[in-house]
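Based on these hints, arrange chains Y, P and G with the ligands on the given structure of chain B.
Protein chains in written order, with the numbering used here: chain B, 12 to 270; chain Y, 12 to 270; chain P, 35 to 338; chain G, 35 to 338.
In short, the hints are calculated from the structure, not lab data.
The C-beta atom is built at its ideal place from N, Cα and C for all residues, glycine as well.
Be careful, since some hints might not be right.
Label-pair ranges, simulated between beta-carbon atoms [to be verified]:
id, chain 1, residue 1, chain 2, residue 2, range
1, G, Lys124, B, Arg99, 52 to 60 Å
2, G, Ile325, P, Arg65, 48 to 56 Å
3, P, Met35, B, Asn105, 29 to 37 Å
4, Y, Ala210, G, Ser84, 31 to 39 Å
5, B, Lys88, P, Glu147, 45 to 53 Å
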Amino acid sequence: MEIKKTVQDLTVARNISLNNRHFLLDLIAPEPLPLMLPGQFVQVLVNDSPTTFLRRPFSIHQVDYPRKSIRLLVQIKGDGTRHLSSLREGEALNVLYPLGNSFSLPSVKNVLLIGGGCGVAPLLFLAQFLNQNRIRPTILVGFRTKEEVSEIEAYSAFGDVFITTDDGTEGEHGLVPDHSILQKERLPFEKIYCCGPDAMMKAVARLAALHKIDCEVSLENTMACGFGVCLCCVTPTDRGNERVCVEGPVFNIKRLDWI
Amino acid sequence: MEIKKTVQDLTVARNISLNNRHFLLDLIAPEPLPLMLPGQFVQVLVNDSPTTFLRRPFSIHQVDYPRKSIRLLVQIKGDGTRHLSSLREGEALNVLYPLGNSFSLPSVKNVLLIGGGCGVAPLLFLAQFLNQNRIRPTILVGFRTKEEVSEIEAYSAFGDVFITTDDGTEGEHGLVPDHSILQKERLPFEKIYCCGPDAMMKAVARLAALHKIDCEVSLENTMACGFGVCLCCVTPTDRGNERVCVEGPVFNIKRLDWI
Amino acid sequence: MTNLSVNIAGITFKNPVTTASGTFGYGEEFRDFFDPGKLGGIFVKAVTGSNREGNAYPRMAETASGMLNSVGLQNKGVDHFVREIYPRIKDFDTHIIVNVSGSTIEEYVRVAEQINELQNIPAIELNISCPNVKQGGMAFGTIPEMSEEVTRAVRNVYKKVLMVKLSPNVTSITEIAKAVTDGGADVLTLINTLLGMAIDAERQRPILSTITGGLSGPAIKPIALRMVWQVHKAVKIPVIGLGGIMNATDAIEFLLAGASAIQVGTANFIDPMASVNIVEGLKAYLQKNHIADVNDLIGALKTD
Amino acid sequence: MTNLSVNIAGITFKNPVTTASGTFGYGEEFRDFFDPGKLGGIFVKAVTGSNREGNAYPRMAETASGMLNSVGLQNKGVDHFVREIYPRIKDFDTHIIVNVSGSTIEEYVRVAEQINELQNIPAIELNISCPNVKQGGMAFGTIPEMSEEVTRAVRNVYKKVLMVKLSPNVTSITEIAKAVTDGGADVLTLINTLLGMAIDAERQRPILSTITGGLSGPAIKPIALRMVWQVHKAVKIPVIGLGGIMNATDAIEFLLAGASAIQVGTANFIDPMASVNIVEGLKAYLQKNHIADVNDLIGALKTD
Ligand SMILES: Cc1cc2nc3c(=O)[nH]c(=O)nc-3n(C[C@H](O)[C@H](O)[C@H](O)COP(=O)(O)OP(=O)(O)OC[C@H]3O[C@@H](n4cnc5c(N)ncnc54)[C@H](O)[C@@H]3O)c2cc1C
Ligand SMILES: Cc1cc2nc3c(=O)[nH]c(=O)nc-3n(C[C@H](O)[C@H](O)[C@H](O)COP(=O)(O)OP(=O)(O)OC[C@H]3O[C@@H](n4cnc5c(N)ncnc54)[C@H](O)[C@@H]3O)c2cc1C
Ligand SMILES: Cc1cc2nc3c(=O)[nH]c(=O)nc-3n(C[C@H](O)[C@H](O)[C@H](O)COP(=O)(O)O)c2cc1C
Ligand SMILES: Cc1cc2nc3c(=O)[nH]c(=O)nc-3n(C[C@H](O)[C@H](O)[C@H](O)COP(=O)(O)O)c2cc1C
Ligand code: FES
Ligand code: FES
Numbered sequence: 012m013e014i015k016k017t018v019q020d021l022t023v024a025r026n027i028s029l030n031n032r033h034f035l036l037d038l039i040a041p042e043p044l045p046l047m048l049p050g051q052f053v054q055v056l057v058n059d060s061p062t063t064f065l066r067r068p069f070s071i072h073q074v075d076y077p078r079k080s081i082r083l084l085v086q087i088k089g090d091g092t093r094h095l096s097s098l099r100e101g102e103a104l105n106v107l108y109p110l111g112n113s114f115s116l117p118s119v120k121n122v123l124l125i126g127g128g129c130g131v132a133p134l135l136f137l138a139q140f141l142n143q144n145r146i147r148p149t150i151l152v153g154f155r156t157k158e159e160v161s162e163i164e165a166y167s168a169f170g171d172v173f174i175t176t177d178d179g180t181e182g183e184h185g186l187v188p189d190h191s192i193l194q195k196e197r198l199p200f201e202k203i204y205c206c207g208p209d210a211m212m213k214a215v216a217r218l219a220a221l222h223k224i225d226c227e228v229s230l231e232n233t234m235a236c237g238f239g240v241c242l243c244c245v246t247p248t249d250r251g252n253e254r255v256c257v258e259g260p261v262f263n264i265k266r267l268d269w270i
Numbered sequence: 012m013e014i015k016k017t018v019q020d021l022t023v024a025r026n027i028s029l030n031n032r033h034f035l036l037d038l039i040a041p042e043p044l045p046l047m048l049p050g051q052f053v054q055v056l057v058n059d060s061p062t063t064f065l066r067r068p069f070s071i072h073q074v075d076y077p078r079k080s081i082r083l084l085v086q087i088k089g090d091g092t093r094h095l096s097s098l099r100e101g102e103a104l105n106v107l108y109p110l111g112n113s114f115s116l117p118s119v120k121n122v123l124l125i126g127g128g129c130g131v132a133p134l135l136f137l138a139q140f141l142n143q144n145r146i147r148p149t150i151l152v153g154f155r156t157k158e159e160v161s162e163i164e165a166y167s168a169f170g171d172v173f174i175t176t177d178d179g180t181e182g183e184h185g186l187v188p189d190h191s192i193l194q195k196e197r198l199p200f201e202k203i204y205c206c207g208p209d210a211m212m213k214a215v216a217r218l219a220a221l222h223k224i225d226c227e228v229s230l231e232n233t234m235a236c237g238f239g240v241c242l243c244c245v246t247p248t249d250r251g252n253e254r255v256c257v258e259g260p261v262f263n264i265k266r267l268d269w270i
Numbered sequence: 035m036t037n038l039s040v041n042i043a044g045i046t047f048k049n050p051v052t053t054a055s056g057t058f059g060y061g062e063e064f065r066d067f068f069d070p071g072k073l074g075g076i077f078v079k080a081v082t083g084s085n086r087e088g089n090a091y092p093r094m095a096e097t098a099s100g101m102l103n104s105v106g107l108q109n110k111g112v113d114h115f116v117r118e119i120y121p122r123i124k125d126f127d128t129h130i131i132v133n134v135s136g137s138t139i140e141e142y143v144r145v146a147e148q149i150n151e152l153q154n155i156p157a158i159e160l161n162i163s164c165p166n167v168k169q170g171g172m173a174f175g176t177i178p179e180m181s182e183e184v185t186r187a188v189r190n191v192y193k194k195v196l197m198v199k200l201s202p203n204v205t206s207i208t209e210i211a212k213a214v215t216d217g218g219a220d221v222l223t224l225i226n227t228l229l230g231m232a233i234d235a236e237r238q239r240p241i242l243s244t245i246t247g248g249l250s251g252p253a254i255k256p257i258a259l260r261m262v263w264q265v266h267k268a269v270k271i272p273v274i275g276l277g278g279i280m281n282a283t284d285a286i287e288f289l290l291a292g293a294s295a296i297q298v299g300t301a302n303f304i305d306p307m308a309s310v311n312i313v314e315g316l317k318a319y320l321q322k323n324h325i326a327d328v329n330d331l332i333g334a335l336k337t338d
Numbered sequence: 035m036t037n038l039s040v041n042i043a044g045i046t047f048k049n050p051v052t053t054a055s056g057t058f059g060y061g062e063e064f065r066d067f068f069d070p071g072k073l074g075g076i077f078v079k080a081v082t083g084s085n086r087e088g089n090a091y092p093r094m095a096e097t098a099s100g101m102l103n104s105v106g107l108q109n110k111g112v113d114h115f116v117r118e119i120y121p122r123i124k125d126f127d128t129h130i131i132v133n134v135s136g137s138t139i140e141e142y143v144r145v146a147e148q149i150n151e152l153q154n155i156p157a158i159e160l161n162i163s164c165p166n167v168k169q170g171g172m173a174f175g176t177i178p179e180m181s182e183e184v185t186r187a188v189r190n191v192y193k194k195v196l197m198v199k200l201s202p203n204v205t206s207i208t209e210i211a212k213a214v215t216d217g218g219a220d221v222l223t224l225i226n227t228l229l230g231m232a233i234d235a236e237r238q239r240p241i242l243s244t245i246t247g248g249l250s251g252p253a254i255k256p257i258a259l260r261m262v263w264q265v266h267k268a269v270k271i272p273v274i275g276l277g278g279i280m281n282a283t284d285a286i287e288f289l290l291a292g293a294s295a296i297q298v299g300t301a302n303f304i305d306p307m308a309s310v311n312i313v314e315g316l317k318a319y320l321q322k323n324h325i326a327d328v329n330d331l332i333g334a335l336k337t338d
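The following block holds chain B by itself, in its conformation from the complex (with noise of 0.2 Å):
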């Protein structure tokens, strides 16, 4: 089935400081939203910025149909992003979307989700989807440390969550790969869903590929459109560079030359 895009200005109707890098923008469109599906992303036009010529790309966070609503998580990286985090309520943003492929509905039912930073964001809509599809994934969700830990109780309703913490004050002490449910001889996971910072996507390629698990990641090369005209955002696969944007952002490992 094809989603129409879409360009449209959406209302903020909440921004939420989450720590002194992330936040939550809650915007409304002005018509019922499109059909939408966990792993795309839309593209945000960042007003009043000098510094930021193109768009900026996030996940799909949240849905709300019946409030017509998205939400996105959103980490601060430069002035793009730090101009997004002093949005006010009722201030308009044009958004394009939605975009991009989806994690795949598994036909398995020990699923696990791995996420890194704001590399989260998309599995918290992944989770509820599962959820509504009655699988019950774990959740194991990385943070810079404590003040970062955030969200908690709303994967907590869709999942077992484990979480870990660079400087150990909260969860197992490390990085994500290295946490403890991960460490088994045997891993009792049959899909493992993806997504964080590359470094971390290819400790945990590696470790589902030892395992012999089937493992989605969802990757965040830079973009220019967004929506399949630029050919920027590619990356080698097993039928060539594909756009990440259109073909992606959620891979399967087997397709990508990363192992």
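The following block gives chains Y, P and G with the ligands in isolation, referenced to the frame of chain B:
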């Protein structure tokens, strides 16, 4: 006396809309204001306007030394001034000031100030300054239409005010140089100070020359730096190309090649 | 009634707003947003002799009011275009023009010959200005003799309207323009991207895998306008102008400087509606200024 | 202790941050804002053989992340410089370098000879790249033979450090760089402005009195970085880099690309403190990254 220029973050104390094209900005300095003279201007750094690269020059409209406050009168022309129009109380504005020369203190008593559009900006400060030097000027100001006629009370405190509007909805109908007080065979003025659109200033300059009245005009050449280093703002004078931002903005019409 | 249509080398464009090669895909991706039939024309992504994977990622760097790209002509080759893509787009209600690229004169000629057979393609745009391929590309476009030679070789086999897209990375754009005109071009398109570079100061590395790439966007508009103006005065054939056009005002500036039509490039990425909005804005400008025919704007810059 | 000083052709600059000719006056205008002695050097406004009034107003147009200027070398001539200006600035606690311009080789030579006599001027910067004068200027800088010839002529009379400032409006910057090096230059400065144009769509007129002018500011940074990188690899003499540097990060990018020092130009207009802020930012970067000597950054771009 050399006045030291400074570049400072001023705080917006008030942003007063006069009509849908004009507003007043009150800016408070963090320390006592430098001495400023009527005719001088400031260069404002417009934040968060992607299409505004250079600073924007504005005349000093009023000065309140005890409150460490200066007031600008701004007309919305393009993106830069539009951004300034939405500044809120408490926001910071980076300002480079004071710049340029100033109107000269007249040695005569019968003085006429003529301003059109936002060319009236420096005249309020000048009128106040003249009063402090025991001169009560005649003040002739032109506006587009009734809705834009503003600050008449402020001018009236310092002199006798006459008004024209382009559409005749208030004061005399027509352009400033056509006002009846200028249509006499002998004009009762010994000095004219004029600021406004080029065409208006040139008409006034011709009139002044005809009546052999000493006349100073304030130019608004486009500027890159505003403090004398780029040589972009020059005007031809009897000493060759001179910088409007340093040797001006005020020039005696004798020194220009206008007539 | 305001006339928006322009005639360029015998082809009537319903309006002078077209889209730049490499920034509009094959037009299909924009159908979610608007009917491509509203545009004067579409210049599709570069087509080469055979499949190319293009350069390695990263291929993009954002710069002040612009971007660098080093896509490197990724496409599936002319056979694939003729077989798979052409049938899908040939009935668009607008002119489809194919951007023809290559590394050798033979490759350009071969692609042009195959496109010549496609009934609904009224013109090709010879890309002798791509800065992102090791051989050919920009090299052809920076040497007058080579520009003329490749143009002439294609002219010999291509029977419809031959447009040639010039590189701005040259000392004298008029010299190249004249050489290409002598080679038999019907129309000149300018400008392609300027060769630039971006560095990540934290990682102390170039941002692009290819180190250098092509600069596009509003940053280059002053250079593009200057070149269109110079070339318009130097040659007799029509010029299509582009480089940093984001809105109708920009487009009008290019028409005034002498462009008979304009292309919208990088702007498509930021606003997929940019090109149709420009059609509307142009119409509004003409009406506001009581100009009955858009042709009255072309080259109408007053310089007295 | 972090070392910020660089040695360029025998001159020790206390730091690699200098200011670009035509954007810093004679340094005096900045004394209200900071002590010019904090800078590595100051390149003063172009000096020509005799008084020049420059071009007519308007001389400036704002563009996307940049500006066009067509000042046209307005200055009171070399005699006036020697007599009036030099005495006022010669004791600044920084290197004063004179930007030497002209319309003929004789004029360049005459100015260089006179500046050669000024004890506190350790170098000149030969401006063979000004796009804003009818004769000479950029013409010299776009033809390798002429670039070499004017450099050699000045080399014959100028005994101190000879820097030559290159024009970016060329097909091959390395070819010009090599020609100028062969002509006897000690140092290359790049880039000067790119030739551009701006149009007022409402008035249907060019904005500049001269129609075209020189583009500067962040818009041109990618092009400048690319040229510095290319030239740094192509010649053995030091390169001074500029073009759109607004902050310390930009400056570091130029150093990484191979510049031994940088110049701050248009940024001075927007923030008179830009250059000293860059000195501070550079120091902070070195400290944060535990780099003891700024020389370790020069040309250190990792491209493996
Ligand atoms: C499909 C997709 C989904 C994404 N989802 C989210 C999300 O849900 N939440 C979120 O916070 N972020 C997400 N990102 C990343 C987000 O787009 C960037 O962090 C953002 O664009 C940075 O913009 P900026 O202007 O603040 O920073 P910039 O000033 O543009 O960049 C700051 C620094 O971050 C680096 N950077 C910027 N973008 C990327 C990138 N895509 N990959 C690697 N490095 C980069 C830059 O090189 C620079 O060093 C996503 C990216 C993609 C492609
Ligand atoms: C010394 C001086 C004092 C000034 N004092 C005042 C003042 O007190 N109040 C006030 O409202 N304005 C004043 N101006 C004019 C003001 O600086 C401009 O209107 C402003 O810079 C426009 O900025 P913008 O970004 O809104 O418009 P832009 O988008 O830059 O320009 C919009 C339109 O106005 C034209 N324009 C812009 N600046 C000028 C100019 N200087 N001369 C002629 N046309 C111009 C442009 O060409 C364009 O067509 C002064 C200018 C100078 C040089
Ligand atoms: C991502 C990207 C890909 C491009 N691919 C091509 C191409 O395949 N063929 C071509 O002739 N020009 C190509 N160009 C150049 C554009 O067609 C255009 O000449 C240039 O971007 C300047 O216009 P703009 O500033 O409006 O984008 C490409 C530009 C970009 C940004
Ligand atoms: C207003 C102005 C005047 C200039 N005058 C000169 C000059 O006299 N001599 C010269 O060599 N370069 C001159 N330049 C070019 C600058 O020195 C510099 O090479 C160019 O602006 C690029 O750097 P930037 O982007 O940092 O400004 C001038 C530039 C500007 C903007
Ligand atoms: S970002 Fe343009 S094709 Fe993917
Ligand atoms: S604006 Fe720069 S010298 Fe006047």
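Contradicted hints - numbers only: When the structure is compared with the hints, none of them turns out to be violated.
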